[in-house]
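Visitor: Residue numbers (the UniProt record's numbering), protein chains in the order written: chain D, 1 to 297; chain L, 1 to 297.
I should point out that these hints are in silico values taken from the structure, not numbers from a laboratory.
Please note: incorrect hints may appear among the correct ones.
Since the list gives no way to pick one copy over another, a pair counts as held whenever it fits inside one copy or between any two copies.
Unchecked claim - Calculated cross-link-like contacts (lysine-lysine; reagent style DSS-like; alpha-carbon spacing at most 25 Å):
no.	residue 1	residue 2
1	K29	K56
2	K185	K242
3	K127	K56
4	K204	K242
5	K220	K100
6	K220	K204
7	K89	K242
8	K56	K220
9	K216	K100
10	K204	K155
11	K242	K127
12	K89	K56
Number of protein chains: 2
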Amino acid sequence: MKLNNHSINRVLIVGGTHGNELTGVYLVKLFQQHPELIHRATFESLTLLANPQAIKAGRRYIDKDLNRSFLEENLEDGTLVNYEDLLAKNINHIYGQNGKYPVDFIVDLHSTTSNMGVTVLLDDDQKFNLQLAAYLSSLHPEIKIYSSGSSGRGKHGLRSRAKFAIGIEVGAIPQGVVNADLFLKTQTIVYATLDYLELYNQNKLPTFSQSFTLYKYLEKIDYPRNEHGEITAMIHPHIQYKDYQALNPSDPMFLTFDGQTITYAGESPAYPIFLNEAAYYEQSTAMCLTQKHQMTI
Amino acid sequence: MKLNNHSINRVLIVGGTHGNELTGVYLVKLFQQHPELIHRATFESLTLLANPQAIKAGRRYIDKDLNRSFLEENLEDGTLVNYEDLLAKNINHIYGQNGKYPVDFIVDLHSTTSNMGVTVLLDDDQKFNLQLAAYLSSLHPEIKIYSSGSSGRGKHGLRSRAKFAIGIEVGAIPQGVVNADLFLKTQTIVYATLDYLELYNQNKLPTFSQSFTLYKYLEKIDYPRNEHGEITAMIHPHIQYKDYQALNPSDPMFLTFDGQTITYAGESPAYPIFLNEAAYYEQSTAMCLTQKHQMTI
Numbered sequence: 001m002k003l004n005n006h007s008i009n010r011v012l013i014v015g016g017t018h019g020n021e022l023t024g025v026y027l028v029k030l031f032q033q034h035p036e037l038i039h040r041a042t043f044e045s046l047t048l049l050a051n052p053q054a055i056k057a058g059r060r061y062i063d064k065d066l067n068r069s070f071l072e073e074n075l076e077d078g079t080l081v082n083y084e085d086l087l088a089k090n091i092n093h094i095y096g097q098n099g100k101y102p103v104d105f106i107v108d109l110h111s112t113t114s115n116m117g118v119t120v121l122l123d124d125d126q127k128f129n130l131q132l133a134a135y136l137s138s139l140h141p142e143i144k145i146y147s148s149g150s151s152g153r154g155k156h157g158l159r160s161r162a163k164f165a166i167g168i169e170v171g172a173i174p175q176g177v178v179n180a181d182l183f184l185k186t187q188t189i190v191y192a193t194l195d196y197l198e199l200y201n202q203n204k205l206p207t208f209s210q211s212f213t214l215y216k217y218l219e220k221i222d223y224p225r226n227e228h229g230e231i232t233a234m235i236h237p238h239i240q241y242k243d244y245q246a247l248n249p250s251d252p253m254f255l256t257f258d259g260q261t262i263t264y265a266g267e268s269p270a271y272p273i274f275l276n277e278a279a280y281y282e283q284s285t286a287m288c289l290t291q292k293h294q295m296t297i
Numbered sequence: 001m002k003l004n005n006h007s008i009n010r011v012l013i014v015g016g017t018h019g020n021e022l023t024g025v026y027l028v029k030l031f032q033q034h035p036e037l038i039h040r041a042t043f044e045s046l047t048l049l050a051n052p053q054a055i056k057a058g059r060r061y062i063d064k065d066l067n068r069s070f071l072e073e074n075l076e077d078g079t080l081v082n083y084e085d086l087l088a089k090n091i092n093h094i095y096g097q098n099g100k101y102p103v104d105f106i107v108d109l110h111s112t113t114s115n116m117g118v119t120v121l122l123d124d125d126q127k128f129n130l131q132l133a134a135y136l137s138s139l140h141p142e143i144k145i146y147s148s149g150s151s152g153r154g155k156h157g158l159r160s161r162a163k164f165a166i167g168i169e170v171g172a173i174p175q176g177v178v179n180a181d182l183f184l185k186t187q188t189i190v191y192a193t194l195d196y197l198e199l200y201n202q203n204k205l206p207t208f209s210q211s212f213t214l215y216k217y218l219e220k221i222d223y224p225r226n227e228h229g230e231i232t233a234m235i236h237p238h239i240q241y242k243d244y245q246a247l248n249p250s251d252p253m254f255l256t257f258d259g260q261t262i263t264y265a266g267e268s269p270a271y272p273i274f275l276n277e278a279a280y281y282e283q284s285t286a287m288c289l290t291q292k293h294q295m296t297i
């Protein structure tokens, strides 16, 4: 079951793309201390703590979101000199396709304050990434697969620098906190991914189900806000922590600070994720709505 | 049942002592828009968003923790000119006992990433505060009462500026997030506190149980760290989210990043709280151990 003629020669495992998402930071530090954990025979495994200043400061970013800084035209714009703009250019010069050590695959480690369990993030519908998602899903049926493809997000992200990539998004975890259970689960999925790439290179992939559930980005929903841009409502208690559960027409969605319920005005069920993600208050996003698809590759 | 001869004349409700603890921030904003909610006949209710710059930045503090900036000698030290040092002096000049509008009682609203439910924080063993705690506990048996008295923390805190005070600490909530359920529960305890002060002033306090469970500060426990001061372990999954539950000798306490379990070496049970509080990683605190006491006033 060889998927194409290209082997995976170099893999980059990234933590700290957001400096206050500590799961990836400490997992990458562990891999740096124990490189044998990520060593595989058929490819080179590299690690990167992507935003060192943000990690040190315990913040998502210093000047702007690093994971929104990789648009091709931004990387070529010499006038962009914010910390993260410079960092993105540097990462691209090292690991990008025209860089010093171009990488074939990136695993990018994130955490969220939303109750998204272990989610594999896909930025596009490349068959290679979908096949990997199917494999991970067959091994670990409890994980969720989310495609942000139609949001356009993929082009801005660090993962755009490799030929193929996945993100691993785990939660609910507060910013600035390591949760042992989700640390171990992330570690398991990283190893399963590396094993997959190894088997792929060796042309030894086992048979696995080509069918899985895919949550596709539909739209983002902002909080209700007043004329000063301040939020006037919270995620309704009825849906808090209920990422990936159906939100039906007329279901409670927000609760205003003075006690009024705002319901979902959509005409068909949607599946909200990133419900109450801390970093998205400033990005006009109370949740992302997705559609649930049964995929067969 | 008059406890002393002094009435409560002025009450200050404080949110945003830590700028990324949004429960208090949005509750105080609500009270500022709807002062009728906190109006009571026998005293004046004031509100304060304590650290405006930190709230704007979405961070705990700008230069230093405001809630560690109220030590008497610091307030008198003209050379201390960090943002929070100046803020503390300003708050003291307005609301302190020699200030423009001295307050008799402070309710200080906090949130934590630890699973502490609704906790009433006491900084000392003044009978007035203990009586209030007993009242709140009799009305809402699910809340926890914690005394930080023996830690010395009270002297540094904003609440030290009033004659009497409580903190309300709710969790688990990530920094930078409002959780509707805990917002509503905090609101309920604020109203119950104001009602108590009103009944006290009117000498109309009902009979209530003078007995409650008090968790008293014992010691803080740091994370295991390497020679560079970096943490080498996480809160063990066995005790994560188990604030206020007995930690017995030899119980798992930490899990190192490379998979080793570290057990509790104490000789008698303790009750950990502030388990995995994000803000305490930099304060050398993985948890605070408490002792559980049955109090009868």
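Visitor: Compare the structure with each hint and give your call.
Guide: Structure-based check of each hint:
1. For the homomeric pair K29 and K56, the shortest alpha-carbon distance inside one copy (14 Å) is at most 25 Å, but the shortest distance between copies (32 Å) is not.
2. Proximity of K185 and K242 under a CA criterion of 25 Å is satisfied in both settings, with 20 Å inside one chain copy and 20 Å between copies.
3. Proximity of K127 and K56 under a CA criterion of 25 Å is satisfied in neither setting, with 37 Å inside one chain copy and 44 Å between copies.
4. Taking the shortest Cα distances, K204 and K242 never come within 25 Å of each other, neither inside one copy (38 Å) nor across copies (44 Å).
5. Taking the closest pair of Cα atoms, K220 and K100 never come within 25 Å of each other, the shortest separation being 37 Å inside a single copy and 48 Å across copies.
6. For a Cα distance limit of 25 Å, the shortest separation of K220 from K204 qualifies neither inside one copy, at 40 Å, nor across copies, at 52 Å.
7. Neither within a single protomer nor between protomers do K89 and K242 lie at most 25 Å apart by alpha-carbon distance, with minima of 38 Å and 44 Å respectively.
8. In this assembly of identical chains, K56 and K220 lie within 25 Å of each other by CA distance solely across copies; the values are 24 Å between and 31 Å within a copy.
9. Taking the shortest Cα distances, K216 and K100 never come within 25 Å of each other, neither inside one copy (34 Å) nor across copies (58 Å).
10. Taking identical chains as interchangeable, the C-alpha atoms of K204 and K155 are never at most 25 Å apart, the minima being 32 Å within one chain and 66 Å between chains.
11. For the identical chains of this complex, K242 and K127 are neighbours neither inside a copy (30 Å) nor across copies (43 Å), given an alpha-carbon limit of 25 Å.
12. Taking CA atoms no more than 25 Å apart as the test, K89 paired with K56 passes inside one copy only; the shortest distance there is 20 Å, against 30 Å between copies.
When the structure is compared with the earlier hints, violations turn up for hints 3, 4, 5, 6, 7, 9, 10 and 11 and for no others.
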